[in-house]
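Based on the provided sequences and hints, a complete structural model is requested.
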Amino acid sequence: MFKNKILIIIVVLLCFSAVSVVNAEETVLRYWTFSDFGTGDLLALQQVFIDEFLKDHPGYRVEVSAMGDDELLSSLTTAAMSGTMPDLFVNTTRNGALFVSIDAMINIYDLWMAKPEEYRANFDPATVAVMTPEDNTMWALPYTGFSQFMYRNLDVLEAAGIDPNEEISDMEVWADHMKKISEAGFYGTYSYHTDWWNFLSIYSSFAEKSDWGIDFSQNISLLNPEKLVKTVEFLKKIAPYSTQLKRGEQGAIDLFTTNKLAYYPDGPWADIAFRKVEGLNYDFALIPGGTSSQHGGVGGLEMLCVGNTDNWEVAWELASYLVDTPQMARWAEIDARYLGNMTAMKTAADRGDKMLAITEKATPYIIYNQTPFFEKAYPGNYYAPLLEYLDMAMNDEVDLLDGAIEARDLMTESIKEEYE
Amino acid sequence: MKINLKRNYKHYLMLTPFFLMFIVFFVYPIIYGIYTSFYKWDGIHIPEFVGLDNYSKVLNARTTKLAYKNIINYVLITVPIGMIVSFILAIIIQAMPRKWGNFFKSAYFLPSVIPLYLAASVWKWILAADVGLVNVLFSKIGLQQVAWLTDPKYMLYSLIIVDVWVSAGFNMIIMIAGINDIPESLYDAAKVDGANKFQEIINITIPQLIPTLFFTTTWGFISALQVFEAPWILTGSTYMSYGGNRNALLFPVMDMLGKGFGSLKFGQAAAYGVILAFVILFFTSIQFLINKKIKK
Amino acid sequence: MSFYLLQKRTGQLFHWVLALFFLVIAVFPIYWMINVVFSPEGIPVSLDPRLYPSSLSGGIAKIKDIFFERGFLNAYYVSFIYAGATVLLSITLTSMAAYEFGLYDFPGKRFLFAFAMFALIMPKTVSMIPLYLTVTNKFNWLNTFKGLIIPGLADVFGLFMLRQFIEQIPKDLIDAARVDGASHFSIYYKIVLPLSKNAIFTLAILIFNRTWGQLTWPMIIEQEQNMYTVSRIINWFNQPDTWVTSDSVMAANFMAAIPPLIVFLFFQNYVMKGVAYTGIKG
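Protein chains in written order, with our numbering: chain A, 1 to 420; chain B, 421 to 716; chain C, 717 to 998.
Hints are not guaranteed to be accurate.
[As the list claims (entries may be wrong)] Restraint-style ranges between C-beta atoms, simulated for each label pair:
| no. | chain 1 | residue 1 | chain 2 | residue 2 | range |
| --- | --- | --- | --- | --- | --- |
| 1 | A | S101 | B | R427 | 56 to 64 Å |
| 2 | C | A893 | A | V28 | 49 to 57 Å |
| 3 | C | D888 | A | V28 | 54 to 62 Å |
By construction, these hints were calculated from the structure, which means they are not laboratory data.
Backbone N, C-alpha and C fix where the C-beta goes; we use that ideal spot for every residue, glycine too.
So, in structure tokens, the structure goes:
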């Protein structure tokens with residue numbers, strides 16, 4: 001008897017799924033975005049925008065999918081491959097060249113130019129230029145961006161006897177702070193050496209913009225071995241004061257939000273999670289630099305692309321609606337980060353938003369995550385030699401400078417293998 | 421032949437749905453995979469015939485060597501430990517009064533009910549650095565913390581813990597079934613000779629259980645060679661970056677999927693699959709031959 | 717004699733200590749998972765470990781959060797359809813084939829059966845990439861239930877298991893039915909299926925658990941959130957940059973463990989019989 005009931009339940013469920021398939025007479029617009037944009041408050045806000053848009057565009061439905069960074073990238077590439085691109089997607093400009101090589105998005109240049117002058121004037125010309133690598137070719141709409149800073153847990157600093165108002169003049173002082181914090185029974189910061197992005201947060205404190213990325217004219221890695229060594233020396237110094245968890249890992253977030261970890265360098269997205277935590281006492285500061293005039297941090301730009309699909313016309317309209325000033329101004333109210341729409345961003349700046357202020361302060365110092373944008377795709381596994389070197393160096397298994405040079409050469413080799 | 425078909429068509433008709441699925445979704449993809457392995461293909465542009473180039477690329481890649489080194493280490497440790505633990509569990513239960521035996525049997529089997537990916541996800545948060553239960557307890561009693569999931573020295577063992585935890589109950593059930601098939605008279609004879617429990621196990625249970633042990637080992641071996649879900653979750657892997665710190669938990673299936681979906685090298689990924697198939701079939705046939713010998 | 721008795725006593729003590737030791741290892745992680753879920757929100761319990769569940773409302777809040785904020789409810793729905801449809805369709809296919817292989821002789825029978833059994837030794841993961849290419853490029857089934865369910869239906873192990881069982885059905889029964897004028901299909905439907913009830917149910921449970929525990933295929937074929945299975949969501953939660961706390965991961969783990977645990981509690985004997993069967997005949 002019981003078995004029959006199970007069968008009935010299964011059949012009913014199957015019927016439901018069949019019904020939901022039949023119901024799909026509306027055209028579905030598929031919209032893929034990052035986890036932080038596609039969950040919680042920002043998702044709710046975007047749903048409002050989408051509902052507004054759909055009022056004028058009956059017969060459509062928008063399905064939003066949120067994914068982690070890597071997952072979003074691999075889903076997009078496989079979707080391009082099987083001809084099932086989403087109609088709209090968000091990604092970072094550092095993957096731009098890859099998307100171009102697999103025909104993931106349409107060239108929106110003509111559509112963009114057809115927009116009225118006053119619409120286009122809202123956007124940051126420098127960012128528009130990034131999206132327009134050649135004449136008559138524009139790959140995406142300017143969306144958001146970030147200049148990395150660090151979150152400081154003020155309760156931990158206080159418990160360790162550190163005055164948060166005192167500026168951290170250089171990395172030496174910063175390391176001393178972390179030592180104090182560790183002695184007081186807390187973690188200074190998270191672990192940097194297992195992820196290239198996290199590594200860059202510290203490397204950028206010692207290096208210049210020209211020390212990072214690939215020079216595709218000569219097919220060489222621009223990594224600077226001497227500065228890499230300096231970074232490793234610093235990382236080794238702070239390792240005893242740090243947790244072994246890395247940025248973005250669930251446990252590392254737990255440590256910061258439960259007042260166990262002091263310095264958490266990250267992008268603006270972390271704030272969305274942190275400010276939800278009741279009683280969490282934190283602020284923003286610049287990542288210290290090798291000298292008092294320097295600072296560190298990773299920078300990046302996010303773009304909104306129109307997928308290479310049959311629905312590109314309406315997808316373009318939705319995309320240009322989403323980044324238009326009234327929408328982005330509402331966005332800026334709950335998430336004041338760098339916005340490609342300058343007019344909207346200014347509303348947050350006028351409000352005196354602290355996160356936007358620190359973003360602006362950090363911008364001159366940051367190194368962009370993976371440059372050049374929109375030129376050529378990076379080889380797969382490009383950072384593997386760097387990461388292997390970092391782990392070996394942290395465990396004293398390699399001569400610091402020789403290993404650094406070898407890592408750079410291996411990275412260069414992988415570029416040459418791909419493009420020569 | 422015509423008459424035959426007329427008489428037999430109903431048989432073939434009933435077989436059609438199964439074999440249709442079987443051919444389309446099993447046989448054809450294997451052939452298609454072998455075909456793809458000779459082409460350079462990113463899945464988007466037109467495939468380009470490259471002969472055996474994919475094979476030599478895969479065989480010479482550093483990650484391939486690492487993945488195979490890891491899998492050998494893993495299989496050689498996890499399969500014996502798994503067998504020993506399951507055997508001990510089976511013996512423990514066998515020696516219990518029936519009522520308790522059933523209770524312990526269910527309890528030991530419980531982890532095998534949990535899907536592998538889930539077990540990995542649970543253990544990940546028990547083993548995590550600084551926030552995981554094990555390390556929190558370690559620090560409470562003043563022991564050095566262990567980075568189970570990021571220190572290459574320990575990562576393999578974390579995976580083995582998960583694997584043994586899940587599979588021990590499963591193999592235990594099979595072994596209990598095997599032990600139950602051993603004729604009672606053999607034990608009675610041993611008792612007359614004054615053998616103790618331990619001697620009984622050594623002299624009767626293990627030799628009688630060899631076919632079962634052999635089966636579980638083979639099975640464990642083949643599934644261990646294809647290990648994927650547990651290390652994937654433990655290292656928080658994605659197609660773009662997988663294998664954990666210093667690739668200490670990089671295994672062939674992970675590498676194969678990464679080559680395909682991460683770097684869009686489907687030709688190489690297909691070649692990787694063909695190579696892996698040969699490796700597994702090689703071991704399977706060796707074990708099959710040994711099995712034949714044992715049975716004789 | 718007393719030495720022998722002492723030896724026996726210590727042996728027994730050792731036996732029970734060992735038994736309890738393994739009991740703790742087997743059950744504790746599952747208990748710990750429940751413990752983490754049912755603890756106050758916002759305070760990761762492992763940082764301040766306590767060995768008993770301390771907040772029912774905290775647990776419910778976490779479960780609500782993953783269900784309604786993180787798309788777990790939909791994943792549950794997808795997973796149940798996936799597992800349910802796989803069980804139903806796969807058993808239909810395999811039982812039909814097993815009926816032929818188990819009861820009849822016809823030209824090509826041996827070849828066809830050996831052909832299918834070949835799949836048992838062929839590692840499944842190896843055909844993942846080409847299978848993906850087939851399903852997406854030839855059928856265009858990316859992100860659909862069809863793509864999720866259909867490729868896994870031809871279950872060779874199930875065929876093997878059911879054939880072993882159906883073979884043992886007395887031939888007289890079949891012949892008697894034929895004499896009564898039953899058609900080929902109705903013998904299958906009205907006689908063989910009811911007689912193999914037990915074997916089919918065991919197989920159904922095996923397939924359900926296996927499908928529920930499937931991560932690799934859903935990960936490959938489903939990329940959109942509305943098609944995420946439970947396994948897929950847990951994989952997502954475990955990746956960096958997803959802004960899920962460890963408590964939510966545990967809550968998701970807990971909810972994902974419930975269906976197989978319930979199946980086990982209710983149908984323990986079937987589950988274990990299925991496993992033992994795997995061992996004896998596999």
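CB of A:S101 to CB of B:R427, is that within 56 to 64 Å?
59 Å, holds
Can the suggested window of 49 to 57 Å be confirmed for the beta-carbon pair C:A893 and A:V28?
Roughly 51 Å apart at Cβ, these two residues keep to the hinted range, so it holds.
Is it true that the C-beta distance of C:D888 to A:V28 lies inside 54 to 62 Å, as the hint says?
57 Å, holds
Checked against the numbered hints above, the structure violates none of them.
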